[in-house]
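Novice: Make the full structure from the sequences, and use the hints.
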Amino acid sequence: MRKLIFCLATVLLAGMSVVPAKADLKDIIDKGVIRIGTQMDNPPFGYLDENGKPTGFDVELGEMIGKALGVKVQVEQIIGANRIPFLLTNKIDLVISGMGATPERAVQVMFTSPYAALYLGVYGHKARAVSGPDQLSTLRISATKGTTQDLTLTAMAPKANIVRFEDDTTSNTAFLSGQVDLWATLNTIAAAIAKKNPDQPIELKFKLRDSPAHMAMRQGDFALLHSLDTYIFLIRTNGELQRLHCKWLGEDMGNLSAM
Amino acid sequence: MFRSFGPTEFLLLAQGLRWTVGLTALAFAGSGLLGLAILLCRTAEARALRWAAEIWIQVIQGTPLLGHLFVVFFGLALFGLDVPRWLAATVALSIYGSAFLAEIWRGAVQAIPKGQREASRALGMRSYHELRLVILPQALMIAIPPTVGFLVQLIKNTSLASVIGLVELSREAQLVNGATFAPFLVYLCTSGLYFVLCFPLTWLSRGLEKRFSRSR
Chain G
1 MRKLIFCLAT
11 VLLAGMSVVP
21 AKADLKDIID
31 KGVIRIGTQM
41 DNPPFGYLDE
51 NGKPTGFDVE
61 LGEMIGKALG
71 VKVQVEQIIG
81 ANRIPFLLTN
91 KIDLVISGMG
101 ATPERAVQVM
111 FTSPYAALYL
121 GVYGHKARAV
131 SGPDQLSTLR
141 ISATKGTTQD
151 LTLTAMAPKA
161 NIVRFEDDTT
171 SNTAFLSGQV
181 DLWATLNTIA
191 AAIAKKNPDQ
201 PIELKFKLRD
211 SPAHMAMRQG
221 DFALLHSLDT
231 YIFLIRTNGE
241 LQRLHCKWLG
251 EDMGNLSAM
Chain X
260 MFRSFGPTEF
270 LLLAQGLRWT
280 VGLTALAFAG
290 SGLLGLAILL
300 CRTAEARALR
310 WAAEIWIQVI
320 QGTPLLGHLF
330 VVFFGLALFG
340 LDVPRWLAAT
350 VALSIYGSAF
360 LAEIWRGAVQ
370 AIPKGQREAS
380 RALGMRSYHE
390 LRLVILPQAL
400 MIAIPPTVGF
410 LVQLIKNTSL
420 ASVIGLVELS
430 REAQLVNGAT
440 FAPFLVYLCT
450 SGLYFVLCFP
460 LTWLSRGLEK
470 RFSRSR
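In order, the protein sequences belong to chains G and X.
For the first sequence, my numbering gives the first residue as 1, with consecutive numbering after it.
For the second sequence, my numbering gives the first residue as 260, with consecutive numbering after it.
I should point out that these hints are in silico values taken from the structure, not numbers from a laboratory.
All C-beta atoms in this analysis are idealised placements derived from N, C-alpha and C, irrespective of residue type, glycine included.
Warning: the hint list may mix true and false statements.
Covered stretches of chain G (chain X as the covering partner; in silico rule of three or more C-beta atoms under 8 Å from a C-beta of chain X) [as the list claims (entries may be wrong)]: (1) 36 to 49; (2) 88 to 94; (3) 163 to 174.
Partial chain G-side listing against chain X, Cβ under 7 Å, derived [to be verified]: (4) 74; (5) 78; (6) 79; (7) 85.
Specialist: See below:
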């Protein structure tokens, strides 16, 4: 039994040291296809329309990139938690999935300049008087476990009563159903849900931090990184990115910093 | 952006059934073939074979199906083997199922009274004929109800394939929920669809069990 476990472990370790196949810009152009991973449970960035077809900010941006590179786009549906594994095991070439950059993630993948201006905030009903992390006292706040909003809020208010949920939908439901008093989430999610629930006067209590969305690729695909950064620069200057913001997020692009 | 949950969304959800049913069929066939091979090893004369089968069963039953899915889908990709989602899910579920079916069937084989074996030996049968003509036909009757019961488990376990992004019923539910934000309705309908699949099988399994115990 012990020998078998040892054998299995050796095989796995050997597997991990295999250098993942590269798919830099030249390979993508040669193949004529770019495989883009996008989440489909993350509106307005990626979701399925009435006909079950992928649509959203990320999907449209992916199509624009395919056109710019002159290649076909193959959209792969991925899952938030598996975004990086899909990249590292060469199942996709690029992640466009509303992904925020963190130092830990930047060790595993390379990020482009941000393409969407998003921020994280704590939201609540109009009647609830809270304007900063020092006024949370015993109020219950819902957040999605392990997300940047969870980590930031925990760092800002270590004593806050944070109720952590497995996914965004559950965290949203907890707030709407009154199981918690406040709700730490992304501005786009709050806006969409406020629109969907006009009877609930939801407003921003305080901002946690900016959390712009980046595209991500494998370490070492520098040519792809550079061409995408150039593309983001171009659509920022020609108004296309502003159009995407207005169409999908219903907001101005605002002050989007570059990397 | 958000839609409400209507008939179109229910149809989308029902489309997820295709992969749930397809994956169950593929995985059941795979589990059956692999499980039979392991059963034969488990009941073989050669000690090495018995040991190999025992280790396989213990390792598979002692590790989560989720782990098998990740190893087949992401692990093999590290070696440069690009396994499509449906194949990864089929292989992982077959590996998982083989360990359970082999054990269920071993129980059935060993439930055949010893006298049957001795009688076939006395008639000069070889072990292959003994198995095929005497043991398996009887063991089959005992094995059918728990095998159908296992099939129900398998149907529900296909939902785990959603973690590698295979769009079966559970994944479709997550997607529809993402677009409609009506979790209660979406998951209620999803559970209903699983029930529609599983209930007839459970009922069949019960019926077979009753019939079998009567014939005894």
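Novice: If a hint holds in the structure, say so; if it doesn't, say that too.
Specialist: Verification of the supplied hints:
1. 36 to 49: Check passed, 8 qualifying residues.
2. 88 to 94: With 3 residues closer than 8 Å to chain X, the stretch 88 to 94 of chain G meets the three-residue bar; holds.
3. 163 to 174: With 4 residues closer than 8 Å to chain X, the stretch 163 to 174 of chain G meets the three-residue bar; holds.
4. 74: This interface hint is violated because 13 Å lies over the 7 Å limit.
5. 78: holds, 6 Å
6. 79: holds, 6 Å
7. 85: With a closest approach of 5 Å, the residue 85(G) hint holds.
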